[in-house]
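The task is simple: from the sequences and hints, build the whole structure.
Okay, here's what each chain looks like letter by letter:
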Amino acid sequence: MFERTKATLVATLAAIFVASRFSSHIGPYYYDIILSIGINIILAVSLNLVNGYTGQFSLGHAGFMSVGAYAAACFTTFGLPVLAFLKPLGSFLSVSIFFGLALFLGGLAAGLAGLLVGIPSLRLKGDYLAIVTLGFGEIIKVVIENVDVLGRSRGFSVAAAYTNLFWVYAMAALTIYVVLNLVNSTYGRGFLTIRDDEIAAEAMGINTTKYKVLAFCLAAAFAGIAGGLYAHDKQFIYPDGFNFLESINIVTMVILGGMGSTWGVVLSASLLTILPVWLRSIADKPEIPHWLTPLLSNLTIPYSLLLILLMLTRPQGLFGGIALKRKKA
Amino acid sequence: MIYFLQQLINGLSLGAIYALIALGYTMVYGVLRFINFAHGDVFMIGAFAGLYIAPLVMKYSNGGPSWPGAFVVLVAAMAICAILGIVIEKLAYRPLRNRPRLTVLITAIGVSLFLENFGQYAFGVDPQYFPSLINNHSIAIPASFGLLSHLRIKVSQVLIFAVTMFLLLFLRFIVTKTKLGMAMRALSVNPVATSLMGVNNDVVISFTFGLGSALAGAAGILISIQQPSVDPLMGLQPGIKAFVAAVLGGIGNIPGAALGGVLLGVIETLFVAYSDQLHISSGYRDAVAFFLLIIILLFKPTGLLGRVEREKV
Amino acid sequence: MSDPEPLLDLRDVTVQFGGLKAVSGFNFSIRHGELAGLIGPNGAGKTTIFNIITGVYRPTGGSVLFEGKAVAGKKPYLITKRGIARTFQNIRLFASMSVFDNVRAAFNMHLRHGISHALWRGKGFRAEETRIASEAGELLDIFHLGKHRDVPCTTLCYGDQRRLEIVRALATRPKLILLDEPAAGMNPTEKTELMELIRFVQEKFQIAVLLVEHDMRVVMGICQRIVVLDYGIKIAEGCASEIKTNQAVIRAYLGVDETEAAGPT
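Protein chains in written order, with the working numbering: chain A, 161 to 489; chain B, 931 to 1243; chain C, 54 to 318.
Check before you lean on any hint, since a few could be wrong.
Unchecked claim - Here are a few chain B residues that face chain A, going by a calculated C-beta distance under 8 Å:
| # | residue |
| --- | --- |
| 1 | R1115 |
| 2 | L1228 |
| 3 | F1229 |
Said to hold, decoys possible - Think about it this way: if two alpha-carbon atoms lie no more than 30 Å apart in a straight line, the pair counts; the simulated DSSO-like pairs of lysine-lysine are:
| # | chain 1 | residue 1 | chain 2 | residue 2 |
| --- | --- | --- | --- | --- |
| 4 | C | K127 | A | K370 |
| 5 | C | K127 | A | K285 |
| 6 | B | K1230 | C | K74 |
| 7 | C | K127 | B | K1230 |
| 8 | C | K134 | A | K285 |
| 9 | A | K394 | A | K247 |
| 10 | C | K176 | A | K394 |
| 11 | C | K176 | A | K166 |
| 12 | A | K285 | C | K128 |
| 13 | C | K74 | A | K370 |
| 14 | B | K989 | A | K285 |
| 15 | C | K128 | B | K1230 |
| 16 | A | K370 | C | K176 |
As the list claims (entries may be wrong) - Incomplete in silico selection of chain A near chain C, CB under 7 Å:
| # | residue |
| --- | --- |
| 17 | A321 |
| 18 | D357 |
| 19 | G365 |
What the hints contain is simulated information worked out from the structure, not anything from laboratory work.
Here a beta-carbon is modelled for each residue, glycine too, at the ideal position from N, C-alpha and C.
Spelled out as structure tokens, the structure:
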């Protein structure tokens, strides 16, 4: 039961590698969508660890994505000597190691940010934690907007488009592997206890603060990797692209998928990436009435209604089997 | 010194706006233990209500500013916002009364997003010019006041201050001297016991929402008189900041919200005014509120005037 | 068998909430393997004492010593690590998890293989997981919950849920277990079964038990020593027969007879 996970991961990575070899056959339009799906999977699965499994409500995930994006972008832009140093290994290996380092640094920076944010915030509950994480996301945005080197609000251009199918889906597979393996162990059950009843968890010897901070940092690190991938795909990043609304998007994916179901979240992340693209593509078609078009091209209105409807009718999402407790009288 | 006093006055006026919005947050939290994320957007709707009603009212004053006209617009906007708040509560929050708080919080976020984006869809994304409801000149302070005569106080600032004070006193009267107010206070302590005393909780909660939203609507009109540019996203920043103010003063505590609002307004204004001397860019102005939030949550999470609530084990 | 030095020692413990003194100058100790009871009218401060011992509240005065070392004011999980486990007045199971997982989660504090092992899944990790699974299974079987292993714990009947809470607490391998009103909501047959269960736990696992309970039959039936609390003050201590006839205890529970209070005419 336990042994197969590593083998499965290796096999999956190999399959992704093979698939990526054929990526040139995919048209650029679909290629872009496929990459976005992968990046959103990383973001949603990692956030699910915090919001879904550990029951802490983080509203600042996009902030950590931006930390990783900028850190990785800075490394590939200002760290070119490292690439030069690696050149003797041949072009494929040197670029791979270089980009791998960039992603690693992005994840590390974001993880550290997660630690800085998590330690003071995680003693707060529910609504307060949500607001504070939102606040930190805003602070990160404001800081970037005031730093010249990072391009302020004008944005930062990334020269090299290192991101490809392999990197995105390899990282996605890794994220899923880490989260699933972690949660499905005795150690990982600790996260769930915090979601269910923090006081009882403490009484059973579980250091709830440590678990919460750990989940937070791990999730932030993966968000950072997603950010690094994003930066080297779009080749242009700017602070407002990582704002509160982006965090809400990711939260919506987690909720729709069912908090606490990794595969459910994978599905919902894919769905919520494809859906806007599809709706936008039909928005301009002649059959669509005139007043509907702006609603379809800028999806935030249907999105917000979706959120409300979801909470009213099916708060456990598509796959969340958790019975949400009724408040005690 | 004059500079400081001037900034203090500006800060008080900004703080009054924050206070009005913060009161809505704190009242709803006190009664329902939930942060109404959409509150800042009700403030925006108030401003837009004013935008559309003002031309109709100003027809009677030949298109010019008039105090009675301003009064009518203010009251009308407050009424519209009150109704909006009650409707939102009934449709989106009441069905979720017994669900975990996080569910309602997410719904509130959804309502907020909906209001903002529907606003953009219906009113257009670009900022619009709010008509001059009053003659907003600077008040001339006689030279006999010495140094103070150099202060620049605008009519709008006095108006904001006066209206806020009045509304605060009015609110205090309702909360302490009326049965509905007492029911509100009882609800915030123990909802079950309150309903057992024959109080219709739903009515009290609707009333609370209506009252808080009306105050936000008033804030929307007042700010539009002072800064006549309105756009559908104008509720975002003030909304979050007013929430911080409510937490600063102690969420659930009405005087606390007023105190927090004023404090935040003053601190933020002073920060911008003295940011050069502190060698910090004034671009960090919006982060000041969040910074304060983090500090207060770290050191005194119950706020300046709040009480500790223990969970029974 | 009983050690001269007490396992748990509360000295002069005072707990004040604002103006209210929930507990004043409370002195009490439990020896290794002893079964003790804490009783008193409602609001006497019994659960507060529990919460002091387990670290949920911090005493405003006095000290709490466990195996000679101070634990007052420490975080709850650290106190559990020292060897004190508890159940709750209102059942606090991990609602989203199965019966098995509830017990398994309590093995967390004894884990030797942490996060990196969970990810790498080497031999040591697998061995420990298997060991935990079998230990948890054994515990469940002892308490006749084995057949419910994989069902969500919320589907269990009330009595089984209470038992599961005890099993979960035992999984932390405590030296002292605190039971907060374990008989609440049970019928007489279930209460008799509970009494046997508690005695069984005490003997088989060689641990001390501190019981807070309202049902006198249960308390008098199994407790070796009983302490009585009223308005936060200890008013009596002794074995069952002593407590049953103690005037102060009777007064606290039943009130004062009016003719007595008026004095001789």
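Under the criterion that the straight-line Cα-Cα distance not exceed 30 Å, is the pair K989/B, K285/A satisfied? Not OK: K989/B and K285/A at ~52 Å, beyond 30 Å, violated.
For a C-alpha distance cap of 30 Å, please report whether K127/C and K370/A respect it. holds (16 Å)
Restraint check for K74/C with K370/A, where alpha carbons must lie at most 30 Å apart: Roughly 33 Å between the alpha carbons, so the hint for K74/C and K370/A is violated.
Holds or violated: the hint that G365/A contacts chain C, with Cβ atoms closer than 7 Å. Status holds, d = 3 Å.
Against the 30 Å threshold, does the CA-CA distance of K285/A and K128/C hold or violate the hint? Holds. K285/A to K128/C sits at ~17 Å (cutoff 30 Å).
Take the shortest C-beta to C-beta distance between D357/A and chain C; is it under 7 Å? With a closest approach of 5 Å, the D357/A hint holds.
Quick one, are K128/C and K1230/B close enough, alpha carbons at most 30 Å? Holds - the C-alpha atoms of K1230/B and K128/C are around 20 Å apart, at most 30 Å.
Would the hint linking K176/C and K166/A be met if the CA-CA limit is 30 Å? holds (13 Å)
Once the shortest beta carbon distance from R1115/B to chain A is found, is it less than 8 Å? R1115/B check fails; min Cβ-Cβ to chain A is 20 Å, beyond 8 Å.
Does K74/C lie within 30 Å of K1230/B when you go C-alpha to C-alpha? holds (24 Å)
Straight-line Cα separation of K394/A and K247/A no greater than 30 Å? holds (25 Å)
Interface hint check: L1228/B, Cβ to nearest Cβ on chain A, cutoff 8 Å. Holds or violated? Hint holds; L1228/B Cβ to chain A Cβ min 5 Å, cut 8 Å.
When the structure is compared with the earlier hints, violations turn up for hints 1, 3, 10, 13, 14, 17 and for no others.
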